[in-house]
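Here is what each chain is made of, one letter per residue.
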Amino acid sequence: MISFLRVIQTGFVNFWRNIWLSAAATLVMTITLVILSTLLFIFVVAGFALNSARERVDMSIYFKVGQSEKQIFSVRDDLQKNPKVKDVSYVSPEQGLEEFKKRNENKQDILDALSQFDENPIPATLQVKAQNLEDLPAIAESLSGDQYKPMIDKINYEDNRDLIERLSQILRFIKSFGIVLIAVFSLIAVLVIFNTITLTIYNRREEIEIMRLVGATNWYIRGPFLMEALMYSVMATIITSAILIPVYSHTKPEISNYFGTTDLFASPYLTVTFLILMQLVVAIILSVISTGWSMRKSLKI
Amino acid sequence: MIRFENVTKFYGNQKALDNIDLQIDHGEFISVVGMSGAGKSTLLKLIIGEEDLDKGRILIDDIDMTKVKKVDLPYLRRKIGTVFQDIKLLPKRTAFENVAFAMEVSGHRKDKIFKDVPKILELVGLLHKRNNFPHQMSGGEKQRVAIARSLAHRPLLLLADEPTGNLDEINANEVIELLLKINELGTTVILATHAADLVNKIKRRVITIEGGKVTKEQAQGKYQL
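Chains as they are written, first to last, in our numbering: chain E, 257 to 557; chain C, 120 to 344.
Hints listed in this document are in silico derivations from the structure and should not be mistaken for laboratory results.
By construction, the Cβ of each residue, glycine as well, lies at the ideal position given by its N, Cα and C atoms.
Any given hint could turn out to be false.
In silico DSS-like links for lysine-lysine, alpha-carbon gap of 27 Å or less [said to hold, decoys possible]:
#1 E:Lys553 to C:Lys164
#2 C:Lys198 to E:Lys556
#3 E:Lys320 to E:Lys340
Interface residues of chain C toward chain E, partial, derived using beta-carbon atoms under 8 Å [stated by the list, open to error]:
#4 Val190
#5 Tyr194
#6 Arg196
#7 Glu223
#8 Ser225
#9 Arg268
Using the sequences and the accompanying hints, generate a full structural model.
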């Protein structure tokens, strides 16, 4: 037990004795962790955005002003008979106005423009969700008949589809780019720590030789280096968290606002605990592998 | 306590030790002499397991060295004190700390270390220099601190590999006298050296090694090549 504590103490002391070397290793590890955490964050947010977009309505049918609800409902019934249609819901002009006001509650200029109207400018709409996005053109086609033309002002389905397509693309890009980026920086971190520990071993070679001759066990000799590796990991995690957690807390409300919901941050991957743990685990794995490799190569015991 | 049985050691293609048969008893003081490169250091290295032998076996208190696992080597080394020509003290630590170092690695408690180290330093006559650093001491004093360190575990055996190699006559004598004193207190001592005059003064058992073979053994030997 005493030996264990001595080993820990030695590693701790060595970390501070070679502070510049330790700082370099810690810095590289910190950068790697920052990239990892940021990418994870972006990935989760983008994923959420994609899901949100999918949840949204696929097609909006805008009716001309003055249509009676009975007529609109008959269109709705026709649509519901269509097997390609998953769901149809009616949004009255009044409802539409409320939702519009709510969506733009922070944008004063839009609210001002709205108050210029005497009458409600928002039309009645039918919100349609399709079984498959590919069917949207066909569904729109089904409403092109003469019985519908006088009622319907506009059918809009491109926007959401585009959005989803673009988000999927972005997500795929983030994934591949992210993996490459993380791999590259992890490699750099491993190499830097490898070099740092190799240098440390070289600097302490006299001491190590004497330790061997007076009967120190192999783990008494190796221990301090592993302790140093642990310290790089812990320090890097602390610094990364100190930088990112404030940023994260700051942007959390803004992003929630943008999506109009706080569900995003209910994801377990975005809790502070998970982030810190993940960083620590990744850092420890990288530094222990790298230290072990270095000891294997340069530590003669 | 030490027995070499048919020990042969190669370094690559070169035979460093050739069929060595040797027995050393408890409490003996042995000088192993020979020219540089004759195989003296190799002999000592084999005893502490720093090198592996190729043929034969070495028994230390009936423990077969060849059967000792690398993991257990440290425990064996704690029973054998070693002193070298290049002294090998930690330059940034005091005499006290250097001796204490040997006790720290085997997990001794701080209070025991604080009690024992002064006693050992007194034995080698350097208690008054316990807070001095190596660069503040003479060659002989440094070597005596190294000897003190080798005694930290109260070993039964002390190996000295050319301990006077870098020392002048007076300091060399100091060291040899200390070794003799330690031997009188019960520790077996094996001294490897090519310093003829020193060996002649000691007048104890001398083993001569030439070209890896034991060529002469004398109970109260003189160094003769």
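Given hint Ser225 of chain C near chain E, where the shortest CB pair must fall under 8 Å: holds, 6 Å
Is the shortest C-beta separation between Arg196 of chain C and chain E less than 8 Å? holds, 4 Å
Would the hint on Val190 of chain C stand, with a C-beta cut-off of 8 Å toward chain E? holds, 7 Å
Regarding the pair Lys320 of chain E and Lys340 of chain E, is the alpha-carbon distance no greater than 27 Å? holds, 25 Å
Would you check the hint for Lys198 of chain C and Lys556 of chain E, treating anything up to 27 Å between C-alpha atoms as holding? holds, 22 Å
Hint validation: Glu223 of chain C versus chain E, beta carbon distance must be below 8 Å. Holds or violated? holds, 6 Å
Let me know if the C-beta of Arg268 of chain C comes in closer than 8 Å to any C-beta of chain E, holds or violated. holds, 7 Å
Against the 27 Å threshold, does the CA-CA distance of Lys553 of chain E and Lys164 of chain C hold or violate the hint? holds, 23 Å
Does Tyr194 of chain C pass the interface hint, meaning its C-beta sits closer than 8 Å to a C-beta of chain E? holds, 7 Å
The structure shown violates none of the earlier numbered hints.
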